[in-house]
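Chains as they are written, first to last, in full-length UniProt numbering: chain Z, 1 to 704; chain D, 1 to 704.
Think of the hints as simulated: they come from the structure by calculation, not from any bench. Some hints here could point you the wrong way.
You can't tell identical chains apart in this list, so a pair holds if it fits in one copy or across any two.
[Claimed, not checked] Cross-link-like lysine-lysine pairs, in silico, DSS-like; alpha carbons within 30 Å at most:
#, residue 1, residue 2
1, Lys698, Lys86
2, Lys86, Lys531
3, Lys542, Lys527
4, Lys698, Lys289
5, Lys698, Lys597
6, Lys271, Lys687
7, Lys687, Lys274
8, Lys289, Lys389
9, Lys542, Lys112
10, Lys112, Lys608
11, Lys297, Lys271
12, Lys559, Lys531
13, Lys389, Lys698
2 protein chains.
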Amino acid sequence: MSSFSASLNSAAQANDRLKTIQGQVHPMTQQYDHPLDPLSATEISVASTLIKAKHLGKRFQFRYVTLVEPPKKQLTAYLDEELAGKTPSQKPDRIVEALYSVFDNETGWSYKCYEGIVNLTTSQVVREQPLPEGAAEPLSFRTMATAQAILVESREFKDAVAKLNLPENIVIEIDPWMYGVDQPKAGPSRLSFLCYARHPSNNHPDGNIYSIPLPIIPLMDLQTMEVLSIEPAASGGTQDGFTYGTHPEKAIDHCIANEYVPELQPRGLRKDLKPLQVVQPEGASFTIKGRLVEWQKWRFRVGWNYREGAVIHDVTYDGRRVFHRLSLSDMTVPYGDPRTPYHRKQAFDLGDLGAGLSANNLALGCDCLGLIHYFPGALTTHTGEGEVKGNAVCLHEQDMGIGWKHTNYRTDRAVLTRNRMLVVQQILTVANYEYIFAWQFDQAGAIHFETRATGILSTCLIDPGKVSEWGNVVSPGVLAQYHQHIFCLRIDPAIDGWQNSVVQEEAVSLPISAERNPFGNAFVTEKQVIKTSSYADAAPHKNRVFKIINPSKFNPHSKNPVSYKLVPHTGQLLLADPGSVAAARARFAQHHIWVTKHRDEDLWCAGKYTNQAFREDGGVQDMIERNENVENDDILVWHTFGMTHIPRVEDFPVMPVEIHQVSLKPADFFDRNPAIDVPASSQLANKSVLYDEFNASKSGSCCS
Amino acid sequence: MSSFSASLNSAAQANDRLKTIQGQVHPMTQQYDHPLDPLSATEISVASTLIKAKHLGKRFQFRYVTLVEPPKKQLTAYLDEELAGKTPSQKPDRIVEALYSVFDNETGWSYKCYEGIVNLTTSQVVREQPLPEGAAEPLSFRTMATAQAILVESREFKDAVAKLNLPENIVIEIDPWMYGVDQPKAGPSRLSFLCYARHPSNNHPDGNIYSIPLPIIPLMDLQTMEVLSIEPAASGGTQDGFTYGTHPEKAIDHCIANEYVPELQPRGLRKDLKPLQVVQPEGASFTIKGRLVEWQKWRFRVGWNYREGAVIHDVTYDGRRVFHRLSLSDMTVPYGDPRTPYHRKQAFDLGDLGAGLSANNLALGCDCLGLIHYFPGALTTHTGEGEVKGNAVCLHEQDMGIGWKHTNYRTDRAVLTRNRMLVVQQILTVANYEYIFAWQFDQAGAIHFETRATGILSTCLIDPGKVSEWGNVVSPGVLAQYHQHIFCLRIDPAIDGWQNSVVQEEAVSLPISAERNPFGNAFVTEKQVIKTSSYADAAPHKNRVFKIINPSKFNPHSKNPVSYKLVPHTGQLLLADPGSVAAARARFAQHHIWVTKHRDEDLWCAGKYTNQAFREDGGVQDMIERNENVENDDILVWHTFGMTHIPRVEDFPVMPVEIHQVSLKPADFFDRNPAIDVPASSQLANKSVLYDEFNASKSGSCCS
């Protein structure tokens with residue numbers, strides 16, 4: 001298996017590389033432009049070189065090298081000076097964290113994982129420590145590819161496949177999958193594999209393998225690269241209970257080629273969809289300087305790292321601070337099928353792997369229309385080199401329909417503005433599935449976070465003609481198990497300053513009474529300040545919203561504290577039994593809103609090390625249990641939301657986007673609609689065309 | 001006041017007009033093209049002429065002439081033949097309903113209102129009857145203008161205004177408003193008026209009068225056109241309780257000009273928004289034949305009437321029936337301020353007035369981008385003539401981002417389609433406020449109904465420096481009272497046929513148990529068929545959805561009945577006390593979902609006559625109380641949804657769109673994603689542009 005032998009870079013090679021780079025370290029690393037700029041490829045390479053120098057002669061595998069953003073106190077001092085138009089008096093040291101395995105021997109798989117902290121400004125490895133007891137390192141593409149290559153060559157795997165009586169020459173494809181633990185101390189380094197095949201009728205490299213699931217799930221020990229077991233995977237129906245179904249003699253003969261690539265469509269493609277183009281003849285309304293974006297009074301920075309992908313930093317509107325940092329912190333995708341080994345299907349796509357790692361390299365003309373800017377993102381190769389994904393994040397403007405309109409019926413004059421938005425988008429591919437995440441800024445001061453779930457369902461085999469209570473049969477022989485997608489946003493607010501509070505507000509009926517409500521139509525709002533770190537839930541039937549306020553600044557008209565309002569998404573929370581390991585691992589998924597006191601290290605709603613964790617360690621539940629003040633303080637607001645996915649047949653072979661959106665809207669932050677100065681929509685600028693006139697002009701029947 | 005004297009068309013004029021038209025009646029009315037085509041202007045004129053002929057010598061005021069769609073049995077027979085490609089064997093008679101006042105005398109205001117039914121096919125007035133006991137006719141623009149003109153000339157009004165010490169030469173503007181009753185038998189024909197003024201500093205005809213509210217609310221009796229009272233309107237703050245506040249000597253001097261028209265912006269307009277155009281070089285993907293629309297396997301008809309505005313009829317996808325009729329049935333906007341007379345602010349914008357009546361005449365290049373088709377809508381003048389609003393409804397395609405995507409990480413090949421939608425849109429102006437309603441059809445078989453609330457808040461005066469528990473102060477002296485917008489969709493389903501059922505489905509955890517859920521991750525769906533007419537509520541925490549199924553047709557893969565799924569909007573329901581008149585009038589607003597057995601006359605969730613009704617008469621509550629079978633039957637599904645509007649300062653002077661959406665999605669209706677045959681997105685068709693390249697080409701730095 002030559003494809004993965006390159007990971008075994010010799011100590012000698014490492015030393016050579018080190019010598020080349022060391023001379024450049026000092027001058028180069030001083031050159032970073034802004035403390036929030038993501039690491040460059042060179043910075044990554046330098047950091048790994050410094051680490052390697054501490055273990056001369058050892059074999060390495062790098063998992064990541066990532067920026068440690070400056071401590072908030074230091075950073076806000078810098079940003080305050082910057083916003084005031086001054087040259088910041090002190091540039092913070094450039095600190096990075098690396099995660100890497102050091103192999104025990106020159107050959108073999110046994111390794112120990114370390115966290116290293118490197119100060120690039122001083123060219124020093126500041127700290128190095130093994131992972132905390134019980135923690136497992138996140139998955140890496142390298143390890144997964146290596147393990148898979150060893151698996152497919154193994155006797156155990158070949159024997160198991162032989163028993164399936166697959167058609168001759170069938171091509172098996174495998175998705176390595178996180179091993180979702182089911183009990184404490186399951187062992188920190190395991191990997192499971194979901195197995196599929198190309199349909200023999202086309203054997204197409206882009207065939208939809210998820211329509212041909214194989215009823216086996218191999219498990220491997222990553223410290224030994226040995227096959228632990230080839231677990232049989234149930235293919236029975238509801239009538240079979242927890243037995244494994246009656247695998248037919250030919251396991252997959254009832255599966256069909258249910259393809260998504262255009263050239264494999266049996267009924268061809270639609271021919272009546274005409275092009276629709278977005279044209280911006282005078283260019284974009286945004287400007288980009290490095291990672292700094294300015295657009296329609298907004299100003300923010302687009303950060304990036306291997307774990308969160310795009311991060312939005314230091315957001316101001318018209319010179320006023322709004323949010324310090326916005327990011328998707330993590331997510332969990334637990335499956336509801338209790339039949340072993342399916343019960344272990346629970347992914348934490350950011351913590352177990354990484355949104356930056358999984359980000360698509362976007363293509364012009366496919367993912368967005370109009371004038372597009374791409375931000376690159378640097379990642380770390382297994383050998384520790386920096387490597388750039390050129391189109392990791394895209395930025396563009398969208399027309400989102402009408403922004404505001406009023407027609408004065410007295411004069412019949414309509415004034416209308418369109419709703420232009422600026423979109424920062426990234427798309428993740430996590431094996432079968434795609435997530436499209438977009439931060440959208442509008443002209444009325446609101447920020448929206450949109451998720452689009454698409455891609456291919458994670459499927460398993462079901463015997464011919466059966467149905468199952470654990471999922472829906474979406475194609476012959478294909479069971480799409482019920483599952484959930486539960487996201488958690490981390491919101492570091494800066495509503496007109498660094499000291500904020502959260503107010504829970506509801507609309508409440510008053511009972512009929514002569515004094516307060518004689519006719520019974522009255523209702524009021526009830527507000528409750530969250531004083532100590534705690535959670536809360538969405539309650540749409542009460543119109544419950546959460547206002548992030550600055551308790552020291554007031555709106556001149558309403559006299560309310562200035563605020564941004566979070567209208568929580570109301571999706572169902574985690575369904576796993578509270579006593580389950582699945583629930584212990586994802587306590588963040590059990591309430592919609594969490595308010596905690598800011599700490600620099602509190603980045604991860606489900607804890608830092610999610611892979612194979614048997615509990616959420618250092619996540620939001622632990623944070624609130626510190627019982628800290630969150631009133632008029634430096635706080636964090638976390639919003640958990642998502643969907644329970646009961647798959648439809650229409651979600652296969654690739655599912656139409658399922659869209660969810662969360663909004664942060666100014667509520668008495670401004671003294672009027674901040675979009676009131678957007679120029680009115682006009683035919684002069686928009687150049688719309690009448691359908692009848694277009695047709696007439698094409699048919700030559702007009703003005704000829 | 002000459003502007004309203006034209007309403008007093010003499011009997012002689014009516015007779016002349018009748019003679020002219022009668023000769024044309026028979027040949028013309030046979031010519032209607034399709035039973036679902038809206039009435040033409042000529043049909044309206046003919047119908048009113050036939051009615052006038054029954055009351056020769058009488059003065060008339062027409063409120064509406066509207067199509068009575070053929071009885072469903074007759075209509076479905078026609079549509080079934082049509083769908084089968086046959087010439088329908090029987091064309092239903094063309095029936096219209098008219099509502100009109102016949103004045104008691106040649107002069108004076110006293111009148112009686114009638115419902116008339118006219119058969120245009122036979123040129124006969126089939127029936128004529130007075131309005132039901134206690135019912136009031138809906139508002140008409142004519143009556144409102146007449147009443148207002150009389151009001152402003154009245155001594156009572158002039159005296160009341162004089163007491164306000166308004167600046168000299170100030171221009172008062174008045175919005176006639178429905179009189180929301182507060183007790184049974186309040187009298188069937190009253191009108192109230194909300195009074196405002198232009199700001200004296202600009203006296204602009206398009207000034208935002210809602211920033212200068214006057215603290216009086218006149219009431220008139222429409223049978224006598226006499227001023228009943230000029231009610232003082234509270235301008236106090238929370239500290240004033242139910243007293244009326246301390247009107248300052250100069251009532252409105254603390255109000256400012258808070259304007260929305262571009263030329264009145266004190267800080268100017270933004271200058272950095274570049275044009276963004278939608279270009280469809282090969283034309284539209286839809287075709288239009290009369291009111292028939294075909295696009296991307298969808299086929300439906302766009303109906304229209306004065307009350308609902310656009311109605312979607314006879315929807316099929318790829319030749320299969322999906323929905324028979326889709327419409328917004330009605331809405332209510334109750335206000336939560338208990339201070340008399342504000343407690344009577346409760347609008348039913350469709351039943352009290354009419355969405356078609358209030359529809360904007362849309363303008364090319366303002367309301368939509370790209371290639372636009374407009375549908376006209378015919379209305380009835382007060383004299384009974386048909387009058388056409390040319391651009392009442394618009395239809396166009398929109399790009400709504402990514403439709404589906406999958407990247408095969410093995411080959412790095414991404415296949416992506418964009419999410420093109422077809423949008424049928426209308427925009428209502430109801431005095432201060434705007435509603436944008438859009439039916440959106442997507443390529444994956446889903447239909448969405450989107451509401452955008454915009455326009456100007458209905459405001460009242462508040463004394464300087466005060467705040468109120470009944471609303472938010474959005475501009476100096478301007479209180480925007482808390483209120484709700486509660487809509488109700490009427491869904492007449494035809495899921496693969498005429499006999500359907502509704503299934504309520506939830507995702508439900510299982511407790512940990514060795515037999516069924518050993519690891520605690522399991523969950524299942526629970527389904528419950530609604531058997532007799534009843535209501536249900538949204539329950540997002542249970543992932544509750546409502547599937548409209550055809551219990552006789554099954555998906556070949558899942559074996560489930562074919563269905564469309566309604567994911568209910570979870571907005572807060574009516575806040576008015578259940579014992580209030582406000583609640584009795586809007587029982588539809590107290591539950592999210594209503595399932596009733598179809599009857600032809602069941603069109604109105606809040607009853608036919610909402611204006612001044614003191615209870616919802618013949619609405620959904622009455623329908624469910626018939627206790628009829630709704631399983632495997634001809635059924636109606638009603639969906640109530642909306643928002644509690646706690647106004648923000650940012651919602652003034654014109655509010656940014658507040659968007660809500662309800663979706664009807666196929667769920668095991670198709671045998672796969674119906675959008676899988678959409679051609680992949682490509683740069684060839686989309687012609688996107690790189691930001692950097694655009695800038696380089698403009699600056700001449702590239703390839704020069």
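We went through each hint and held it up to the structure:
1. Neither within a single protomer nor between protomers do Lys698 and Lys86 lie at most 30 Å apart by alpha-carbon distance, with minima of 59 Å and 32 Å respectively.
2. In the homo-oligomer, the alpha carbons of Lys86 and Lys531 never lie at most 30 Å apart, since the shortest distance is 35 Å inside one protomer and 71 Å across protomers.
3. With identical chains, the CA atoms of Lys542 and Lys527 are at most 30 Å apart both within one copy (12 Å) and between copies (26 Å).
4. For the identical chains of this complex, Lys698 and Lys289 are inter-copy neighbours only, at 18 Å across copies versus 44 Å inside a copy, given an alpha-carbon limit of 30 Å.
5. Proximity of Lys698 to Lys597 under the C-alpha cut-off of 30 Å is found in neither arrangement, the shortest distances being 64 Å within a copy and 49 Å between copies.
6. With identical chains, the CA atoms of Lys271 and Lys687 are at most 30 Å apart both within one copy (26 Å) and between copies (19 Å).
7. Taking CA atoms no more than 30 Å apart as the test, Lys687 paired with Lys274 passes in both settings, with 18 Å inside one copy and 13 Å between copies.
8. In this assembly of identical chains, the alpha carbons of Lys289 and Lys389 lie at most 30 Å apart only when taken from the same copy (19 Å versus 50 Å across copies).
9. In the homo-oligomer, the alpha carbons of Lys542 and Lys112 never lie at most 30 Å apart, since the shortest distance is 52 Å inside one protomer and 44 Å across protomers.
10. Taking the shortest Cα distances, Lys112 and Lys608 sit within 30 Å of each other inside one copy (18 Å), while across copies they are farther apart (76 Å).
11. Taking the closest pair of Cα atoms, Lys297 and Lys271 come within 30 Å of each other only across two copies (11 Å); inside a single copy the shortest separation is 43 Å, beyond that limit.
12. When the C-alpha separation of Lys559 and Lys531 is checked against a cutoff of 30 Å, the pair qualifies only within one copy, where the shortest distance is 21 Å, while the shortest distance between copies is 52 Å.
13. Proximity of Lys389 to Lys698 under the C-alpha cut-off of 30 Å is restricted to the inter-copy arrangement: shortest distance 27 Å between copies versus 44 Å within a copy.
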